[in-house]
Amino acid sequence: MTLTIDGVHAGYGGGTVLHGVDLVVPEGAALAVLGMNGAGKTTLVHTIAGLVKARSGSIRLGDAELATELAGRPAHRIARAGVALVPQGRRVFASLTVAEHLALSRRKGDWTVPRILELLPRLGERLTHKGNQLSGGEAQMLAIARALLTQPRLLLLDEPCEGLAVDLAARVRGVVAELTRTGLTVLLVEQQPEHARAVTDRLVHLANGVLSANDVLSATADDGATADDGATAAVLPQGQPQ
Amino acid sequence: MSILRRLTPLGFPALIVVLLPMAWVLDDYATKTLTSILVLGLLAASVALLTGVAGLPTLGQTAPYLVGAYTAATLVRHDVSIGVVQLLAAAAAGALFSLVTAPLVVYARGVVVLMITLALGELTMTVAGRWKSVTHGTDGLLAFAAPAPLPGLVTLDTDRATYLYVLTVVAVLVGVMLLVLRSPAGALLRAARDGEARMRASGHPVAGYLTVAYVAAGGLAGAAGSLLVTVERYVSPGAGGFDISALVLLAVVIGGATSLVGALLGAGLVVATRDWIASRDWFGGSMAGHAPLVLGGLFILCVYLLPRGLLGKRTAHE
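So the protein lines, in turn, are chains H and F.
Each residue of the first sequence is one higher than the one before, counting from 801 in my numbering.
Each residue of the second sequence is one higher than the one before, counting from 113 in my numbering.
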């Protein structure tokens, strides 16, 4: 399903973090939002997921309105509408086993526990381990599994490779890249361009709560990446700097 | 304490097996005290369910406890002499009270919950003291007639019979709660406690789960209120005062906030300290009359030496 964000302002307390963000992620596409610490990446995905209320603007997934300036849906309803978040820092439950994590997240749909364990076989060996007994890579796999079992139509990934060793980060990137080929709409936020480029060639840059594509496109062009102007126009729809 | 924690799954049946023969071992005074411990322990279990398992720290479970106690006492005064009927009615009244007050509690967190529940407890006690046509005000309600547990069974005329009835009820109710908490329902509550935003982002209506937990805890507290009337044959607003709320929270902290069995043990330790150690001539009589002082010392020791209590488990916030 296509994610459409129109003029979203959002923040915490008296401070505004996102300043009129416009973004479109077409159905089945993957888009990466790059930015430094404090750029507003996590606020962006939390606003889409309903954990932060949008102060103005609208967020739509397909035809479903997730948030407007008048009222936002509660986070659990947004999740049930098909939005799944893999949060920064994994956030697995320390007191629950892997099996309990999977059981709590499971809903009817294409993503079943056997399919998940086929994609992430390491979890199958850790079913009786609690969240606080997993390595960083295993916890990240579990966070992804938990999100997939909710049968998402849009997957939000908040720096999934953060804090992982090089080989584990490569494994996580591989899993995310595999997911993008299943037809799932994916929005990835990242600090590291190389992690993002391993997943998608659609990249935008977020700085101080404002989206642009300039920096990243020049970086990808330098590297001979495949980002094209048409794709950029699709993700920055309303005259944002390109 | 790790050995105690490992034994927790077996601990509850073992605890009941140990407690059962006490009816024939202890004298009347000790049996009565142990019965009071079980009643307070059931109330403490309801506090542990909210505070430790669901993450809603409460000082207000004395409210459904009082509601349950007055319901049971009123039934006794209307010649309803079947213990289980009194128990079910009191549990339903406690649960209903919690259902009505749930919107005030389940959307708040942390210290705010503590304050709201404290206010609910104090308001309920005040209403019990003022609504004289129903509660007889601060004079309290006498409920002399001893109930029969079930139709056809003998009435609970002796301390031993009352103890066995209370032990049975506590064993069944706490046992059922332990089974529920070992099911996915328990995992949902623990997950909501440890990562509420994560649960909401996974599509779980956390406020709904907390409402269910709050109502269930209200039912447990109401049932404890019914047992109080069975034991004391009397209820007054003082049965739900702040001192009782604090005592029960102390029991939960000492026993381990995440453990219902720990709450029972904590209640035992607290009441034993208050009623036995601090009121007898032990230690040359130096402790007599100083129960609050002894309890305060016990609490400080526990916080420093056993921050998770006797049976508590680590939560994600530690």
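Rather than coming from a laboratory, the hints here were simulated on the basis of the structure.
Ideal placement from N, C-alpha and C gives every residue a C-beta, glycine not left out.
There may be inaccurate statements among the hints.
Which bits of chain F does chain H cover? Going by a derived footprint, with three or more residues having C-beta under 8 Å, they are [to be verified]:
1. 291 to 301
2. 315 to 329
SDA-like mimics (lysine to any residue), calculated; alpha carbons at most 20 Å apart, straight line [stated by the list, open to error]:
3. H:Lys853 to F:Ala220
4. H:Lys853 to F:Leu262
5. F:Lys244 to F:Ala126
Hints and how they fare:
{"no.": "1", "hint": "291 to 301", "in the structure": "holds (count 3)"}
{"no.": "2", "hint": "315 to 329", "in the structure": "holds (count 4)"}
{"no.": "3", "hint": "H:Lys853 to F:Ala220", "in the structure": "holds, 18 Å"}
{"no.": "4", "hint": "H:Lys853 to F:Leu262", "in the structure": "violated, 55 Å"}
{"no.": "5", "hint": "F:Lys244 to F:Ala126", "in the structure": "violated, 44 Å"}
Taken one by one, the earlier hints fail for this structure at numbers 4, 5, listed in ascending order.
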